[in-house]
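Peer 1: Take a look at the letters that make up each chain.
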Amino acid sequence: MNEDRPIMPKAQIYYGECVYYLTIVACLVCIVGPLIAMIDPENNVMNPYFTFAAIFQGHSADEVWTLVAGGFPGGHFWYGNFFTGDGFTQFGLALGCSSAAYALIVAAVVYALERIYLYTFFSLFVAAMIFFAASGVVSF
Amino acid sequence: MRRMLKSPWPEAIIMILVTLLTYVSLATIGVVVKAPEGGMATGTVVGWIFGFFLLSLIIAFLAVLGGIGGGVMFTPVMLAFTPVDSLIIRGTGLIVAMFSGLISTGPFMRSGLSNLRVSVFLACSFAIGAFTGAQGAILVAGHMGDTGEGLVRLSLGIILFCLALYFIFGGKKIEWPQVQKSDKLTELLQLRQPFYEPSLARTVDYGLRRAAWGFLAIAGVGLLSGFFGLGAGWAIVPAQNLVMGIPLKVAAANSGVLLGMGDCIAVWPYIMIGAIIPIFAAPWLVGQVIGGLLGAVLLIRVKAGFVRYLLIGFMLFSCWGLVTRGFSKLELIQPVPHWLTGIVFLVIFTWVIHRVLKMVREKE
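Protein sequence lines correspond, in order, to chains U and V. Under this note's numbering, the letters of the first sequence match residues 1 to 140, in that order. Under this note's numbering, the letters of the second sequence match residues 1001 to 1364, in that order.
Some hints here could point you the wrong way.
[To be verified] With beta-carbon atoms standing in for the labels, derived distance ranges:
| hint | chain 1 | residue 1 | chain 2 | residue 2 | range |
| --- | --- | --- | --- | --- | --- |
| 1 | U | N43 | V | T1350 | 36 to 42 Å |
| 2 | U | N43 | V | I1343 | 45 to 51 Å |
| 3 | V | H1338 | U | G70 | 35 to 41 Å |
| 4 | V | L1020 | U | F131 | 23 to 29 Å |
[Claimed, not checked] Under the rule of at most 30 Å between Cα atoms (straight-line distance), these lysine-lysine pairs were calculated in the BS3-like manner:
| hint | chain 1 | residue 1 | chain 2 | residue 2 |
| --- | --- | --- | --- | --- |
| 5 | U | K10 | V | K1184 |
| 6 | U | K10 | V | K1329 |
| 7 | V | K1358 | U | K10 |
The set of hints was computed from the structure by calculation and includes no laboratory data. Quantities reported herein were computed from a predicted structural model and do not represent experimental measurements. Using N, Cα and C, we set each Cβ at its ideal position, and we do this for glycine too.
Build the full structure now, drawing on both the sequences and the hints.
Peer 2: Written as structure tokens, this is what we have:
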């Protein structure tokens, strides 16, 4: 029966595995992150006790950050706050939200090695779009 | 025992153990630690984190089975039943939609149920649409009223209703579309990829058509996904199935991969303005990953007919939400009470269950 099954292209397998394991790492970080925030709420970008209260009072995102953290420190605030609950969780979110970009680079390399240049281009285009969005260069 | 050493079991067991340890620790904190003055009670904070995780787990399971993003369930429920700001909900909705897709990507790619070439090709247009949509949502939230949103939701609801009708009356040729003739561009893109279908116990080599129209349709879907933070599996699946002639089950798997890829772009404008709050979004993410992982393993074994009826149910219910909210935003009707939405949900899914049971009986 297995002999009849078609072999999947390498780029497809590598893409799937990269996304899969990066997502799992991101998930593990996001499981532990809120626990760190609850263990030491004072050493956190946003105190979770006040964060939830502000969110459920219906404040806008901007207002929540201003009320609890004195203002939004930027999308990549995890750089300087890696060992705080929020910073660590934000790192997990950032890793998960860019996992497809890293996997697409791997897929593009495999496509290039197999001389399938059209899909090398498509993969790099989507990866570049993710990095472009993550850079925050364009915002209204 | 040997089976438990193969993916996805080792990683699933690790995640479940870490989750259990974390929630036991959180529960202990909830009992022992007192909340600071003016803050929410410790037990309530822990309860919300755990409740979000549990709800997300259920949504993820249903979402992967239906081949749609969980965001389409998360966003309307949160908007309807909580006072949380709509931009925070829409940003978190994208997290919900994309992570169920991201975690199901691995199993779908391994089994060949999903097609990377189709996904990457369509992601090029989805990327542009989703990024523009997300920026548009931020712009609208800051500058415009409810009228524009109302009109978009209303027209989207009508389109979705037409698609649901086509799915109901279209019959079996939609589950396995027969593509007699392809076009030059589709042939040039070399999108075909045979896969082994366990429910048929044979290899399926499906044809494709109208790649250019599929590309355009997905750009529009991306725009809506980024704008509403809904995920868009409910539109990606029919766009692939009806326009490009991709079998329904493959389209559902591709939709998960495409959502994972495309919403990686749509989500960043929300992150960069602080609409995704880490401690609020994290439990939703975790529930999606664990639920999505188990759901993807199941979907590979589920026959296409069941997925079809589940999708029709979700499409009809989304349609109800979009049309009523559209009219409400335009101030043509009063906001629809939750009990009425609940009744509509019950009616639609009673019909879905009836159809599935009927299908099972016919096959027996």
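Peer 1: Now tell me if each hint is right for this structure.
Peer 2: Status of each hint after checking the structure:
1. U:N43 - V:T1350: 36 to 42 Å: Given about 51 Å between the Cβ atoms, the range is violated.
2. U:N43 - V:I1343: 45 to 51 Å: holds, 49 Å
3. V:H1338 - U:G70: 35 to 41 Å: holds, 37 Å
4. V:L1020 - U:F131: 23 to 29 Å: violated, 36 Å
5. U:K10 - V:K1184: holds, 26 Å
6. U:K10 - V:K1329: violated, 49 Å
7. V:K1358 - U:K10: Violated - the C-alpha atoms of U:K10 and V:K1358 are around 41 Å apart, more than 30 Å.
This entry does not satisfy hints 1, 4, 6, 7, going by the numbered hints stated previously.
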